[in-house]
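K.L.:
Chains as they are written, first to last, in my numbering: chain A, 689 to 1184; chain B, 689 to 1184.
Among the clues, some could well be false.
One copy or two, it doesn't matter: identical chains are merged, so the pair holds either way.
Stated by the list, open to error - Derived lysine to aspartate or glutamate pairs resembling EDC-like cross-links, with alpha carbons at most 20 Å apart:
hint: 1; residue 1: Lys1072; residue 2: Asp1054
hint: 2; residue 1: Lys1094; residue 2: Glu1064
hint: 3; residue 1: Lys1091; residue 2: Glu1045
In case anyone wonders, no lab produced these hints; they're calculated from the structure.
Number of protein chains: 2
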Amino acid sequence: MTEPLAFSLSRPAALTRVPQWDFEADVIVVGFGAAGACAALEAARVGARVLLIEAAAGSGGTSAMSGGEIYLGGGGGTPIQRSAGFEDATEDLYRYLVMIGGPNADAAKARLYADNSLSHYQWLTAQGIEYKNSYIAERCIEPATDDCLIWSGSEEAWPFAEQARPAPRGHCPKFVGMGGGRYVMDLLARRVAEAGVQVRYDARALALIADGSRAVHGLVARIDGTARYARARRAVVLCAGGFIMNREMVKQHAPWLLRSQFPLGTVDDGSGIRLGASVGGAMVNMHEGFATIPWYPPGSLVKGIFVNGNGQRFINEDCYHGRVSNYILRQPGDRIWLLEDNTTYAVGEMQQLAKMEIGAAGDTWDEVERELHLPEGALVETVKLYNRNAAQGVDPLFRKARKWLKPLDEPPFVALDCRIDHCFYASFTLGGLDTLPTGEVLDAERNVIPGLFAAGRTACGLPRWGEGYSSGLSLADATFFGRQAGMRAALTARQG
Amino acid sequence: MTEPLAFSLSRPAALTRVPQWDFEADVIVVGFGAAGACAALEAARVGARVLLIEAAAGSGGTSAMSGGEIYLGGGGGTPIQRSAGFEDATEDLYRYLVMIGGPNADAAKARLYADNSLSHYQWLTAQGIEYKNSYIAERCIEPATDDCLIWSGSEEAWPFAEQARPAPRGHCPKFVGMGGGRYVMDLLARRVAEAGVQVRYDARALALIADGSRAVHGLVARIDGTARYARARRAVVLCAGGFIMNREMVKQHAPWLLRSQFPLGTVDDGSGIRLGASVGGAMVNMHEGFATIPWYPPGSLVKGIFVNGNGQRFINEDCYHGRVSNYILRQPGDRIWLLEDNTTYAVGEMQQLAKMEIGAAGDTWDEVERELHLPEGALVETVKLYNRNAAQGVDPLFRKARKWLKPLDEPPFVALDCRIDHCFYASFTLGGLDTLPTGEVLDAERNVIPGLFAAGRTACGLPRWGEGYSSGLSLADATFFGRQAGMRAALTARQG
C-alpha cells in the first residue's frame, strides 16, 4: 500500500495506478456540512449509492456553527413572509441576488435560486426543520428567541432598495437562542442516515483520482489511518468548506481578511478547492470574503455614525452589518469609531461580545475629538455636516434612510471603539471553484470537468462579494446547490 | 495529426499521446517580451538549445509598449545614482521592495533582487542599453528627453520614507521621448538573435505536454497554422504576459480593474497563467493590478488635493501616481476631483492625455462646491481643514510631506475632473503563477512542478500590490527574473 504522504491535494492520483478499490459508490461526497448533507441526501434519493466522507469526528461542519438562518423568499413569499405582510416577488429576490453578487455576479445561479426558493423552503420543512410563524421587525443579527423571520441583509438600504423591493428573507429555525445551525444539521444528518448513505468520519480526502483526460473517478482518503482508494462510479462532490482556516492560503488570495482576527471555520483548510484545482478547476473571486463586527442590536445604534481614523464617514450605517464592516476593513489604519449621543447610545450583548468599549466621551464633540487625538475639526466638522442634514431628514452623501436620521446633538457624546486589531471581527471566505448551477466544476475556459461537482463554500456560489453578503445566504446556497449537485451527480453517466 | 481545437490551455496534453516531435530544444520559452528575451538569452548562453515562440508577428510584447524604465539601485548606488548624489544602500532597496509587495510580499525575491540589482544594471548595459548620466529632480512620469534617473515611486512619501531611506531608482534608457521600451526590446532582440536562439513568430501555445506526474515535457503550439509538438528536453519557461486583455478573466479575478478603461497589453490574454495552472501551478494575488491616471507633471499639481464624490480627501497626494490612482479606484462612485488654486494650477501634456478637464471653477470654494452639486460644507470644510494645517506645514491626517503643503487659498480655484468613467486610467494585472526566485513554478503546497518555469507578468513577482507599484518595477522584474528562469531552466536535469 502506498503511503499517504505520497498523495497531494494539488495533484490527482493516476487512475491507472490504483492498486485496488477499497470502497465503491456511485457518488462520493466530501464533507458533512450543509452542502454535503444535502448533496448526499438528494443523490441517495434518486437511487445512487452514496459514500460521504468527513474529516472531523462528527457531522455538521461549519454550518453547525452558524445560526441556522436561511435566506428564502420570492414566488409571492414564503408562508412566514406572507403572514408578516410581505408578498415577496421572485423578480425582487432575483434582482437583489444579482446586486449582492457584485461585479462578478452569477446570474444563472441567482435565476435558479430565485425561481425555486419557495419550493426549497418546502423541501427544508419536509426534512423536519420547523419555522415558527413569527416576524421580528427590529434590527437584529440572530433572534435570542425561537422566532423566525428577520431582516438579514441590506434590502432596505441604499442602493439595494432602489432596484429591488425590500422584504425580510432571513428564516431562522424554531430553536431558542443562538446555535440553530446545530439544530438544522442534526435534522439533516438524521435524514442522511435514513436515506442509507454510507458515512465515514475521521476520513480525510488526500487526492482525487483522475484519468489522462482529467476525468475524476474517485479519490484517495485517509480512513482508519490508512490511504484507501474509493471509486466513484458516477461523480465526486466536493463540499469541504472554504479556506479561512488556511492562513497561508488567505494570505495569498485575500490578505485583507487577515485583518479580521476571528476566522469562522471548522476544517475549512481549502482542501476542497485545492482538490478541484488539481484537475483544472478554476478558482474565482478568491479575494472575496465576509468579515463583520456585530455592532447592532440595539437598533438605536444605527442612528449613530461610523468614522475612520481620519474622522471621516464612509458608509450609510443602515445597511447590513457585514457591508458596513467590509467598508470598515478598507479604511486606512486600524482605528474606527461609532459615534452616538445620549439618545442613541445603548449597550447590548453584541457590543460586549465584540469588545466595543467607549473610546472617548464628552459633553461636546470637540472634547471627543481631542480625546481621540484627532486634528482640530476632523471629527467636529463631520458631525456638524451630518447633523445639519439629518435635521432635515436627508443624508445627501451616504443616503442613510430617513428613519435612521437624527442629529447627534444631545450630550453626553460617545465614540465606541471598533479597532480592527482589538475587537471581534469574524470572517470567512467567499471565493471558490467556478461551477454551473448544477454544481459541475468548470475549468478556466468554462468547460465541465467530467465526474466532478462542488457546492457550499468550496464553490463560488450566490454569496461571492463581501459588500453584498446577507445573513442566511451561505446556508441557502449550500443547501440548495448542494441538492442540485447531488441530484445531477447521481444522474451522471460515464462516457466511454 | 490532431486538430488544434482538441487542445486546451487548461488541460495538458498527455506525453504518451504525442505522435511525434516536430520541434526539439533544451528549453522552450513562450513569449518574446522582456522576460522571454532575457530567459532565452541566459539559457542560450549557458549552452542550451533554445526555441522561443511568440504569438505575435514580431518581438517586444507589452514590454515594448512601456517607457523602458527599469527600477535599479542598492549596493551603494548605480553609477547614475552615485553621480546624482545618492548612495543607495542595498538594505534600503530591500526594505522598499518588501513594503511595496504589500501583505503578501515575496521577501525571497526582494532579497535576491536587492542583492543583485547593481550587477543587473551592469548586465543591462552589457546588452547595449545606454543610460545617460543624468538626473531629473522634478516629478515626472517619463522624461520627454533622453535623461535617465527619475523618482518613479513613493520613496519620499509616507509611509515608505519612514522605513527605507529614499533614492530615485527609475532608470530610463538613453532614448529621446516616450517609447524607450521599444528601444530596449530591439536591443534585447538583437542579442537573442546573436545567441542563436531559434525564434518562431505567429506561434501560439495551445497546451502543455505533461506526463502522469504532471512534469512538463514540452508544449503543443500552432505554428504555420498547424498544431505542432515541441519537445523541451529540460524545461518550458512561460513568459506570456498577464491577463489584462482577457476581460472575462479580469472579471473573475480582479473586477475592480474593469473600472479602468485602458488596458495596457498586447497579447496578455492570461494564456501563460492558464497553461501553468493546467499542471497545478498556483495562481496568487490574482485580484491585484496596477491602474493609474497620469495626473502630474507639472509637479505644482501635487500641492493640490484629491477629493472623492463626497468631498473627502483620501490619500497623501505626494505619493506615486499609481498609488494615488489605486486609492481613487476604491472610492465610492465614479466622481473624483483634483482641487488646485491659482498658484498651483497648471496644465501639461499629461492632463490632456488623461482628458482631465476643469469640472468647476470659482472665486471661492463655496462656488466650486455648489458647481459640483455637493452638499453645503462637504468640500468647503475639507479644504478649510487642509488649509489650516498646511499653513502650519503639517498634514496630520494624510501626512503629505511638508514641501508639498500650501494652503489652497489664492483664487480662482478649480476642480479638475478625474472621473473614472471618462478619463484615461491605464491598467495591467499583477497576479500570476507562484514561483521561486529561480522561476520554478509552484503548486498550492509550494512544491516545484518539474520542467516548468515562469517569469514576467505570467508570474507573481516583485510588483504584486497595486498600492505599492512603482514605475520600472515590471521591467526590472521581467528582465531580472527572466534571466534567473532561463539560467535555471537550462541547467535543469530531468529525473528518471
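K.L.:
Take the hints in turn and mark each one as holding or not.
P.N.:
Each hint, compared with the structure:
no. : hint               : verdict
1   : Lys1072 to Asp1054 : both (11 Å within a copy, 17 Å between copies)
2   : Lys1094 to Glu1064 : between (24 Å within a copy, 18 Å between copies)
3   : Lys1091 to Glu1045 : neither (26 Å within a copy, 39 Å between copies)
Of the numbered hints listed earlier, the single one contradicted by the structure is hint 3.
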